[in-house]
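Those sequence lines, one after another, are chains H and X.
The opening position of the first sequence corresponds to residue 1 in the working numbering, with each subsequent residue numbered one higher.
The opening position of the second sequence corresponds to residue 1 in the working numbering, with each subsequent residue numbered one higher.
Treat the hints as calculated values from the structure; they're not laboratory data.
Keep in mind that this is a model prediction, so the values were computed, not measured.
Honestly, I wouldn't trust all of these hints.
[Stated by the list, open to error] Between beta-carbon pairs, the in silico distance windows are:
#1 80(H) / 41(X): 38 to 44 Å
#2 74(X) / 11(H): 22 to 28 Å
#3 67(H) / 74(X): 38 to 44 Å
#4 5(H) / 69(X): 35 to 41 Å
#5 96(H) / 63(X): 33 to 39 Å
#6 14(X) / 16(H): 47 to 53 Å
#7 63(X) / 30(H): 21 to 27 Å
Here a beta-carbon is modelled for each residue, glycine too, at the ideal position from N, C-alpha and C.
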Amino acid sequence: SQTIHQWPATLVQPVGSPLSLECTVEGTSNPNLYWYRQAAGRGLQLLFYSVGIGQISSEVPQNLSASRPQDRQFILSSKKLLLSDSGFYLCAWSVFLGYTFGSGTRLTVV
Amino acid sequence: AQTVTQSQPEMSVQEAETVTLSCTYDTSESDYYLFWYKQPPSRQMILVIRQEAYKQQNATENRFSVNFQKAAKSFSLKISDSQLGDAAMYFCAYRRTIQGAQKLVFGQGTRLTINP
Numbered sequence: 001s002q003t004i005h006q007w008p009a010t011l012v013q014p015v016g017s018p019l020s021l022e023c024t025v026e027g028t029s030n031p032n033l034y035w036y037r038q039a040a041g042r043g044l045q046l047l048f049y050s051v052g053i054g055q056i057s058s059e060v061p062q063n064l065s066a067s068r069p070q071d072r073q074f075i076l077s078s079k080k081l082l083l084s085d086s087g088f089y090l091c092a093w094s095v096f097l098g099y100t101f102g103s104g105t106r107l108t109v110v
Numbered sequence: 001a002q003t004v005t006q007s008q009p010e011m012s013v014q015e016a017e018t019v020t021l022s023c024t025y026d027t028s029e030s031d032y033y034l035f036w037y038k039q040p041p042s043r044q045m046i047l048v049i050r051q052e053a054y055k056q057q058n059a060t061e062n063r064f065s066v067n068f069q070k071a072a073k074s075f076s077l078k079i080s081d082s083q084l085g086d087a088a089m090y091f092c093a094y095r096r097t098i099q100g101a102q103k104l105v106f107g108q109g110t111r112l113t114i115n116p
């Protein structure tokens, strides 16, 4: 069966520090991968998506970047975190009609 | 651009009663998918129900059903025989396919409380 792993679950980082959130998918090949962010009390907003290795598309301008070094690995990064980067980050994958979310990372920038 | 609107920030219902959550969307596309997701306190996103726009028949999953009105661009969720475990944030979402990727556009969510 297909599973998606996302870590860490929670993270507290100082302003100006780097960020690396990782997401891996098992049980499927060539999935479409996504990073979403959820601000407090709001819906999810798509940040990045990838339809293949090395292919990254950005939905909104921001302080973050994404990379896909392997078929089933998707990484969200930042060189210098801002306070406004705080939020709940969810990785997801889709194949045909299926759309599955990871368990999320709660990021607090202090 | 596609937008999704949930006009009810909060709803409450007595256990075993029925509740309907509202959702409207805006699109110029004719082929798309609509979803309802549940987000409990764990914040895991759980798919509740899916509706294909080309299907006139409303989707049903056990106690959950939708009222899909394509012309009115309305997609409401009905929960019958509400249970305490139904308490959560509910998000309506529109899915569009662009360049091979399936993107979800979410509403702001409705917080559902179940009163025992």
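Which hints from the list above does the structure break, by number from lowest to highest? 1, 2, 5 and 7
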